[in-house]
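> Now for the letters of each chain:
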Amino acid sequence: MMKGSSLTLAFLVTCSVLASAQDSKIGELRGNANSGKALYRRYCIGCHGAHGDGAGESAPHLDPKPRDFTKAAFKCRSTPSGNLPTDTDLYDTISRGIYNTGMPSWRPLTRQQRADLVAYIKTFSSRFQEEPPVASVTIPAEQPTSAESVKRGAGLFQSMNCWSCHGKEGRGNGPSAQTLTDSKGYPIRPFDFTDGSHFKCGETGRDLFRDLTTGLDGTPMPSFADSMKPDQIWDLVHYIQTLNEDTGGFFHRAKHKVQ
Amino acid sequence: MNKHSYYLAIFCLIFVCGMTLLDADRIGATPAPGGSSVTGVVKFKGTAEKPTRIDMSADPFCAKAHPNGATTEDVVTDASGGLENVVVYVSDGLGAATFPVPDQPAVMEQKGCQYKPHVLAMRAGQKLSVVNSDATTHNIHPTPNNNREWNVSQPQGAPLEQVFAREEVAISVKCNIHPWMKSYIAVVKNPYFAVTEKGGTFELKDLPPGNYTLQAWHEKLGTKTKMITVAAGASPTVEFDFQ
Amino acid sequence: MDSSRGWRRCGWIAVMVLFGSALPAFGIPAFARKYNLRCSDCHEAWPKLNNFGQTFKDNGYQLMTGRDTPIFQQGAYFPVAFRTFASWHREYNSLVAVDTIPGNPAAGQMESPVSKSGFNISGLTIWAAGTVAKNISFGFQTEIDNSGTATLATYFARFDNLLGSPWLNVKVGKFELDTLISEERELVYSNTGGFYRNYHFVPAGDSTNFGLGDNQLGAELMGHSRNDYTRYSIAVLNSTNGVADTPTNTYDLYADFTQGFEIPKLGLQRVGVYGYFGERPTFSQTSNGAPIPGTGLGNRSFSRTGIYGLWYLGKFDFSTFYLHGQDNVFLGNSVAANQPGDLPPGAVGPTWNGGFFEAHYTYNPQLIVIGKYETVQMSRQANPATPNDFGDMKVWTVGYRWYPIMNNRAGLAWHQEYAIAHTTGTAPLSGKNETNSSYLMGFDLEF
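Residue numbers (our numbering), protein chains in the order written: chain A, 1 to 259; chain B, 1 to 243; chain C, 1 to 447.
Source of the hints: derived by calculation from the structure; they are not laboratory data. Ideal placement from N, C-alpha and C gives every residue a C-beta, glycine not left out. Hints are all accurate, no fakes.
Simulated pairs of lysine to aspartate or glutamate, DMTMM-like, Cα-Cα distance not exceeding 20 angstroms: (1) Lys184(A) <-> Glu149(B); (2) Lys25(A) <-> Glu262(C); (3) Lys134(C) <-> Glu245(A); (4) Lys265(C) <-> Asp23(A); (5) Lys265(C) <-> Glu28(A); (6) Lys182(B) <-> Asp182(A); (7) Lys229(A) <-> Glu161(B); (8) Lys65(A) <-> Glu149(B); (9) Lys182(B) <-> Asp55(B); (10) Lys184(A) <-> Glu168(B); (11) Lys182(B) <-> Asp74(B); (12) Lys220(B) <-> Asp241(B); (13) Lys127(B) <-> Asp226(A); (14) Lys127(B) <-> Glu131(A); (15) Lys184(A) <-> Glu219(B); (16) Lys198(B) <-> Glu73(B); (17) Lys229(A) <-> Glu148(A); (18) Lys432(C) <-> Asp392(C); (19) Lys134(C) <-> Asp195(A); (20) Lys127(B) <-> Asp103(B); (21) Lys168(A) <-> Asp59(B); (22) Lys226(B) <-> Glu203(B).
Listing some non-contacts, in silico: residues in chain A with all C-beta distances to chain B over 12 angstroms: (23) Ser136; (24) Lys151; (25) Arg206.
Let the hints inform the model, and build the full structure from the sequences given.
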């Protein structure tokens, strides 16, 4: 019968998939999950827990709660909604940290250490072995901002119902803001564009474009990939970039890229 | 061929055929026409709380769609106690049988800023088509435990198709823009399921003979289980009672 | 008996008493509580910092995630931490001047080994540090020794990330000189091995009142790259070795620069260069013969310069340190600059070279093994009559620390250590080589 040879084939395929799932690939960096395990025990386990489920000893004291890696739903990704992040997405999140949360920037760890952590984090969910990798969304070139683009963006902010969560002025006080919960059921606040805070998944226009296209999984922020054309998303980005009322004054904030 | 090889070949043939026959009505079987129907009713015993009013004033379009207001749909009963929106399905007894997935999609519609139907049952692996019939942008956000979570914004008329790969009864669905919008999608891996409508009645058609576990799931009142036996030619009835 | 012998006798005892009774700065459970991070996040093994913790410190005790300012803390949070060390120890000195007949000074003196042991506590160190507002940090450290005397060891305000840049931070107050090999974060505490000799060594008979490891009083400009790989600091300090309230009108200068780089598979490596250039008075104004504090005259200069490195190879890490010390001839011979005739014939400014090699093996965040070898070698004695290797020393220290609990609330370590030091020619009576050793074991407790 066919079962025997297909079983062998399945076994070999699984082995090779498992072997590569122990590693991570970020540019020319290769991370190793065994090295990442020791690093996780030092740096991550207090919040994310020994089983990677976000139930570390510090979790009861944190808001928002630490990520549950077993669900493999991540906020900052370059892949469409519902999909796994790429290794580079995880690496960037570890390096950048997540502003306004308990997740610090781990840039002081070496690049190799961060790559090893990515490889280990992937072992917490079998999705990384089961699901085939998905391509990142394309971010087309940005046309320069202009008064018209900002005006169109303001119109989209209205018609796409962004205001219902983020508020008419983008203060995070829209009519449904207080009802929002993350996918674990904890209350969650929509972003306030006006107070000079930092976007969680990167600050550049391209980062905002990507966030609007991929959505932030695990949160109420959806993907607008099917709702708006790329030009429209750029218009909305340009509008959002005008909302910040805190220019920083004399102490301007330096913008930087993830290393 | 000598005598031993001859008998060995016969044995293998019988063995293989027998194995195949044993699985015949499991592997690749469709609901066998001529199988039995299981019918029944789900009843709610007791007094249901009155549904609460929904305030849709946050979105002018939604408020206009309901000039007399709208109410929550979590426990819907009629005068005889029939309970609506209960998913009844076969949770055990079919063994390792697989069933082909229908080509036509299951449809969840956003109309008047409410989900229609409030509870949708569909097959694992079947396409889900989400339709926005309202002149306002909705956000469809299922929060599954056993399936991939996705979260998509959808303006009027924009097409949207997704698939849930694994059985899960049931996935709760929300719209982050309109917080009162809530629905459930029950994803079942076999074709023997139904969602009770007005009167609380249901029918599971063409079930082959066997012993089965039936479950009745309600979003607020929990899950009830019953074991039934379907004999060839018989059409059992089942009643589920919720309090 | 010439004055140099007196220095010999008193100097080392004074040094040992100072460092035997007080504990340096430490891991700060207050930070762990504030950010819900475990000790192991910032510390290789507390109190030694890893790069993440060093970056946190260089940012002004800020994680830069938008929640550093006190307004984000629970109202009841207080940024204070406490430390004490309860131990049993044994001290051994091979050659101590003792009366031949105890209680009878007329019977003359001899050299005899002396050994002491018993339980001990280190006193109490209280540290408060954190932010008062975004990018304004502070630190206070008070040490109460076992006799109850309190010393204000550290107190500073720091203005962080000026002009929005991590390259500009200004600290004012009394603080440890900026260095990546911090004596305040050492992993050894015995009387013999628990400090860096090179951070305090002054040749016998030298009047320079200075230790690289002593907290200094002044102002520091410091900057670092965002991942803390490149760091510099420049400080202007009072010429009083950190003693406050005695202005001297002269200032010392300290500068330090380090650069980090990654070696793939091995980890982060760092090299640094430093220099301290200071001056001290050799005499002062007097009133009725008594010196008036702060009116130092006859200033002469001294320097401490060198290079160091921190090397990470997987679970091993090494600190390497080299120092070149140089004091002016008047300082080296403790002679007032207005009395050059008091200099011994052929007097020169003393110079010396020293260094240490310290290795750690971090088995896991809760167990670290330490080994250290340190040496100081005179290159030129201030008084040519002194033997060239007089005062040279070699010190070996081994130990380990085990941290049975690792959480974000408090810390406890079980500590064991043995150190042995050989110094050349310093026996008080015979000028023979001396050997001192310490054995220490105990519990290091922080809350």
